[in-house]
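> Work the whole structure out from these sequences, hints included.
Residue numbers (our numbering), protein chains in the order written: chain W, 79 to 218; chain X, -3 to 443.
Hints were generated in silico from the structure; no laboratory data involved.
Being a predicted model, the structure only gives us computed values, none of them experimental.
Do not take every clue at face value.
Reference listing, derived: stretches of chain X covered by chain W, where coverage requires no fewer than 3 residues with Cβ under 8 Å from a Cβ of chain W [stated by the list, open to error]: (1) 9 to 21; (2) 141 to 154; (3) 346 to 355.
We put the CB at the ideal spot given by N, CA and C, even for glycine.
Okay, here's what each chain looks like letter by letter:
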Amino acid sequence: MEALHLVYEVPGGDLTHAGEASSQVKQALRKLGYDSDTIRRVSVCMYEGEINMVIHANGGTARVEVGLDDIVITLIDHGPGIPDIDQAMQAGFTTAGDQVRDLGFGAGMGLPNMKKYSDEMTVASTVGVGTTVTMVVRIP
Amino acid sequence: MRHSVVLEYQKCRGCTTCIKNCPTEAIRVRNGKATILPNRCIDCGTCLQVCPHHAVTSVPDSFNALQNYQYTVAVPDPALYGQFHNLDDPSLVLASLLELGFDSVYESASGAELLTGYLGGRPEDPDRPVPEISSACPAVVRLIQIRFPSLLSHICPLLLPGELSAILAREKAAADTGLSPQEIGVFSIVPCSSLVTSASSPDGRIAPVLDGAFAIRDVYKALLPAMTRLAGRPLPQLSLAGRAGVGWAFSGGESYAHRAQRYVAVDGIENVIQMLEGIEDGRLPEADFIELRACTEGCVGGCFNVENPFIARMRLKRLMGDLPEARSVYQPGSRVDELIDSAQKPEYYPTFLLDPDRRVAMEKMRRIQALEDQLPGLRCGSCGAPSCRAFAEDVVMGRASEDDCIFKVRERMQHMAGKNDADEYLPAPFRRRRGLPKDPPPKPDSD
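Next up, the structure:
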């Protein structure tokens, strides 16, 4: 069976709207009867990803493929790219400026949390071109 | 479940105000009248407060119910104390309730103090989900049950302060009078519709512990003459509660009673939804207690209050200044433990599920998406649903017809009438503004 596609545009620059796509995905998954642990894992992955795109890349696109065996989240942005992905994956590593940190963001836990809550994660990034993060959450 | 929120058919004019304000999208307008989808209603009372025609009401019990019992107990919510100007002593309200004919009083604020003691006295448990979410607002608990199943395990034990007081009051009355529990009528006096519903259909318990619930506004009218008569006379000390219990009537009061250090107190149903979304997304790592109330300012903002919530809150704070910290003392290992421990866990009610079969549900979702893409996204409400998405879902689920959308009908008219004339069939606000100066130039392929 072909996966169900959900696509969300994540607007850049405005942290107050981050989380809307996550909320929409949650509602869809609930209507489809996914278990609450899966929904929660997807929502954390989505939310962290949205925040990253808003802060670093002036927004982007979130594509969610909802299948019977897994849920694949692909976050595509055309931001500055990540020069050193291994470093970015380390807990606590952050490039956030003081202004963002003052808002309570930028603790350096975004990518590590996305990795923790997904079963598989790949990050493809080219400096100056953009970043694509793909996460797979398997259905138990 | 017997919902206390009902629509008065005669008064409803089908104006769609309620459908757009309902936080769970539980109302539709059909054949010119609003109807409530019962398995989605959480009895929060939002529709009651926004209906311009006063067609939505909540039906509390009638005082006649008192006549079915040999002995009656009133269990007033502390929000009641916020309704009166210059109240210095809760005993005046309680003594007046006795004047009205109740045989005894047992405040829900006393149950609140016992619950506070129980929750604070539990040993540390690393398996307990963090943050804990208050269980004191039945509308919030029901909201979590239908919309936030992943947070069900975070909810505190499901026993309302008023329920704990009611159980203890009945046991005390039976011991004092020798009557059987069935001969004793225990009635709560409540600030909101969700507490009326939970009196007859409680969450977390097999059987109701209350025999009915009266609205503060109804009791208020009856109380005033009695209070006027008793004012200034020496009164016995009837209150079983202090600051800790009375404070539960407004937002932040429960957190204060728990002496929570890192707590968030949220009031207003939309704010509550946002907070629950945030907790689900892992956005709130630092808080350990979340107090959530559906109404503005907490229970003082419930639809059955007489006084403005902000004024009621001010009065309660002033009253609390004269009260001791608490009057009901929790004893570990007592009956209270037994009652709280026997409360059941809240269940998930999958009211939004499209189909129990995942494949069928996904197919339905595809059809919903496809239909939603063809709809204008105006949330005009003309079809009777709160949004185009809700409408698309209603159509796919067989609750509505595509023809209920006036834009879909316009397409058909357009088809029948030739080009562009169909606009005339739409109400003026929805017509395309052809020929007006602001209009962009027509696209080459539009005609």
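> For a quick check of understanding: which of the numbered hints are violated here, in increasing order?
1
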